[in-house]
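K.L.:
These are the residues of each chain, in order.
2 protein chains.
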Amino acid sequence: MVKQERAARTRRSLIRAAAEVFAEVGFVPASLGAISKRAGVSNGALHFHFANKNMLAEAVEAEAAETVRRLTEGVRARQDDPLQSVVDATHELMGHLAGDVVVRGGFGLAGDIARRTESPLRKEWQRWVEDSLRRAERSGALAQGVSWADASRVIVAATVGLEVLGGTDASWLSRQNVTRFWELLLPRLTDRPQAGTLVSSGSAAPAPHGHLPA
Amino acid sequence: MVKQERAARTRRSLIRAAAEVFAEVGFVPASLGAISKRAGVSNGALHFHFANKNMLAEAVEAEAAETVRRLTEGVRARQDDPLQSVVDATHELMGHLAGDVVVRGGFGLAGDIARRTESPLRKEWQRWVEDSLRRAERSGALAQGVSWADASRVIVAATVGLEVLGGTDASWLSRQNVTRFWELLLPRLTDRPQAGTLVSSGSAAPAPHGHLPA
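These protein sequence lines are chains A and B, in that order. Counting from 86, one number per residue, gives the positions in the first sequence under the working numbering. Counting from 86, one number per residue, gives the positions in the second sequence under the working numbering.
Some hints could be false.
A pair counts as met if it fits within one copy or between any two copies, since identical chains are not told apart.
[As the list claims (entries may be wrong)] Distance condition first, Cα-Cα at most 20 Å in a straight line; then the derived SDA-like pairs of lysine to any residue:
# : residue 1 : residue 2
1 : K122      : E105
2 : K122      : S259
3 : K138      : V113
4 : K122      : H132
5 : K208      : S259
Calculated from the structure, these hints are not laboratory results.
Using the sequences and the hints, build the whole thing.
P.N.:
Dropping the structure here:
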């Protein structure tokens, strides 16, 4: 393995190990020693890549944000219907929260009071949901009297709630749970005749939660 | 002031100060020195009441849980309609999260990974919502095809989301925001003829958020 490849691989192991340790004990009690040990590298190697714990946390958040961006862009590329794309993205996001420790760690850091930095993750998710609902409103897909802002607010609050509750009880993140959420909400969001074509369980061939494609 | 009264007063000051410091910096970085200073008492007085930081955190959570219990019992005592009682309790809870540092600190501790203890607060809220929705279902108040479990799940997820998002942006907790949430959700939860009598903004004469009765 050439040197550059090895360095990139070490960096990825460190980010993954940091995400695991942050998710287990929280940011402040997490020690760099525990993280390098978990990654199977020396303290020196850790410090070569990351000057301090905060830079590790930022790398976890950046990688989680990149995953969320890929996920939302992927959904939008293959699903024209803006409402269905929000349903699909919610399923994919919950699947990543259940099965991808970097995404879970990234959102966990966002909720850690001790970090005090503005997290890109929840904000980015909120913006994407709002943008999708604006498209839905423009295309006439929303029910009479339902605005994109009202719909986004409920969806963002509920998905943040599922994320947080899923941190201690993974059943909140299950496909079944998310499907029931949409079965309840979708009939209120749209009154167009083709409402019945929206799929609460997601329109994509589902990857089982916890077993996500790379 | 008799000695017992003074002790009770010191204890209350310490709980309040601890809630403030926990809410500001998180549980792990919070120092007992900062808490006793904030409460205006000596370290010795703090240790007379609380052996360690964990006992202070438990006292904050217990007082917050007591407030939530009083709140939900009060709502149920004056509001017979189970759906309306959930609407009313949500408004009151968000008002306390916005204006009562002990309630906010208690919920913040519930979300602190570093604490690792099962928090009574979110569980208790969830149980109350579930119990109210079961009553609503039994009285025939829920719409065809909507179960108490589905309805509770959405309400609990959304209210936990509002609580968490409200920690960095208080507008999520505003009466207006909570009212819009219910304006969107209520028409889906019930199809009984008297649905129009449910009040999304709450049926009680509202105490302005942030200015709650003692």
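K.L.:
Are the CA atoms of K122 and S259 at most 20 Å apart within a copy, between copies, both, or neither?
P.N.:
neither (32 Å within a copy, 46 Å between copies)
K.L.:
Classify it for me, K122 with H132: is the Cα-Cα distance of at most 20 Å met within a copy, between copies, both or neither?
P.N.:
within (13 Å within a copy, 37 Å between copies)
K.L.:
When Cα atoms must be at most 20 Å apart, do K208 and S259 count as within-copy, between-copy, both, or neither?
P.N.:
between (23 Å within a copy, 19 Å between copies)
K.L.:
I want to check one pair: K138 and V113. Are their C-alpha atoms no more than 20 Å apart within a copy, between two copies, both, or neither?
P.N.:
Both: 9 Å inside a copy, 16 Å across copies.
K.L.:
How would you classify K122 and E105 at a CA-CA limit of 20 Å: within, between, both, or neither?
P.N.:
Result: close within a single copy only, 12 Å intra versus 36 Å inter.
The structure does not agree with numbered hint 2 stated previously, though it agrees with all others.
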